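**Q** Sequence lines, in order, name chains A and B.
When we follow numbering that gives the first Met the number 0, the leftmost residue of the first sequence carries the number 0, and every step to the right adds one.
When we follow numbering that gives the first Met the number 0, the leftmost residue of the second sequence carries the number 0, and every step to the right adds one.
Treat the hints with caution; some may be incorrect.
No distinction is drawn between identical chains; accordingly, a pair holds when it is met within one copy or between any pair of copies.
Unchecked claim - Within a straight-line C-alpha distance of at most 35 Å, the following computed DSBU-like cross-link-like pairs (lysine-lysine) qualify:
1) Lys-326 with Lys-221
2) Lys-330 with Lys-221
3) Lys-221 with Lys-233
Hints are computed from structural coordinates only; laboratory data are not their basis.
A quick note: this is a predicted structure, and the numbers were derived from the prediction, not measured.
Protein chains: 2
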Amino acid sequence: MADFIQPDSITTLAATDLPVTYADVEAAAARLNGQAHRTPVMTSTTVDRQTGSHVFFKCENFQRIGAFKFRGAYNALVQLSAEQRRRGVLAFSSGNHAQAIALSGQLLDIPTTIVMPEDAPAVKLAATRGYGAQVVTYNRLTDSREALGQQLAGDRGLTLIPPFDHPHVIAGQGTTAKELIEEVGALDLLLVCCGGGGLLSGCAIAAHTLSPSCRVIGVEPKRADDATRSFYAKTLQTVENPNTIADGARTASLGTLTFPIILHHVHDMVTVSETAIVRAMFFLWERLKLVVEPTGALATAALLEGIVNEPGARIGVIISGGNVDLKQAGKLFTKVTKLPKSQPRVPWAAELS
Amino acid sequence: MADFIQPDSITTLAATDLPVTYADVEAAAARLNGQAHRTPVMTSTTVDRQTGSHVFFKCENFQRIGAFKFRGAYNALVQLSAEQRRRGVLAFSSGNHAQAIALSGQLLDIPTTIVMPEDAPAVKLAATRGYGAQVVTYNRLTDSREALGQQLAGDRGLTLIPPFDHPHVIAGQGTTAKELIEEVGALDLLLVCCGGGGLLSGCAIAAHTLSPSCRVIGVEPKRADDATRSFYAKTLQTVENPNTIADGARTASLGTLTFPIILHHVHDMVTVSETAIVRAMFFLWERLKLVVEPTGALATAALLEGIVNEPGARIGVIISGGNVDLKQAGKLFTKVTKLPKSQPRVPWAAELS
């Protein structure tokens, strides 16, 4: 499944050479003010007791469209020129990025075209159309998504907004950590899930400035550990079509912008099992009363499984989103919570804090 | 199923004769400060658009023990005398009141004894014991719970803390509406679920003082409509063992303290179907990313089903708790969301606000 590509020219760069700076995050925050939600931070005495640390959950499942992706999408669209706005934007996504672009376009009166596989769940197609996007479907077996995209972009002059590898997207995602640290103060540790690395790199930039001694750790599924291997190899590694329930982490590799930022500002990368992801989801739903999607539970999983274990530390945990099929989640819970390990950790109802 | 009892002596009283006043709610708030959570208020542009009103959800599912019950229990226990504290307290409950008493006792170093049926779910027994309570079980078929309680209270001098019909419990629950109105300002309407009426009566007292023109509406399951019938008959009505999924509303009747307060300060009572309850739960989980128990979804159900329909109004909705079996909820969702009505209302992922 893993596929090693040739070392890239990307290595450690001076901070001044990085494509996104804290000033960009600050500017994004000003643009997002009144548009994105300042999502709540939750704490739990149960989690603090279990881990011996002080844990702050930044709840981006309460963000507009149900995930942090709105921040980056809006920050990118709002900076387009009048001509670009008039022509409209294009995105490839069947997930949260699609809806983030569609809603941002609706708010800014920018036409949006989203390219989605024709077998994407009907509810996702409907939700994206519900925000006013034009959805163009393709057949995954017979059509080339890239050719279709190039044709659409060429014919209509649409601007492509990628899901993570774009400086405005990265700066927008960084506002998540900015808000968290501004609300709770300096952190010793910040745990962030990692797919293409937009959220992780943006948050690492914010933490570096606002809480300089904070160690930032990225968390991936074991089955989609391209970023972890890239981090240690210092060359970009790829995992094609990883089979993980954390759909937000199924991206094949980091980007050419996110990778150098991660090498520069992230202190470590860790991975968690599929079972650990479901256990963390179950814990967040049952104990914290938060509906969290699998990718959104990655950082919590690293903490609850003891993969990250720093008694006494002040730990920020980003809960990235909550868009999940409730019926499928119910089935996952039935399967995983039969395992012995989770039983003592998740009694039926317990102290919330 | 319904069982009409003789008219009680309770009729409309002057406000000065009521057993709980706003001053009691204010004093409770001071006692709860730093102990109970000031739970967040959430809004949703989707709900506002659907209803044409401005809706504020007070999220007591994030309260300690996962429900508002902690407020009243703590406010009662903290006012006990040194002698009463030393001897300890007793409660009958297999639900949120049990855990509220157990946690309050743990925090105040007061021994707690909870009487629960021996066939209560093992997880509930474990959670209550987890807070340090002594759990005494009885056989529902052969034992008299009341006789057992009297024996325990008599032998050990325990103080019985009832789940709703106690002035300190009512005053504690009233702090929920106090916080909501203080945070969002005056309301036109406040929707509160109703079982024994502790939360409803307390919140109505707070609303009457803090937002005098606010109309307070209690919401019950159709299958457990004793309070609604009592409200209209102006005499206490009883429904024994109502078969509703809203377990917090299965109480047979209002109390001798809550009933007169409700007659005096509540403006209307409405009922919702079992299907409407599950639909509202599903909506809250999927769209607002909140894990809410069936009773906690009652007030939302009245709003989303159009039973309460006041375009332009500022509407407070109390979400009373989130203690629910996740696997059972998954099964409920599978069943109810097959019905046509819920489909257009709950696309997979949508704008949170």
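**Q** Looking at the structure, which of the earlier hints fail to hold?
**A** Hint check: nothing fails, all pass.
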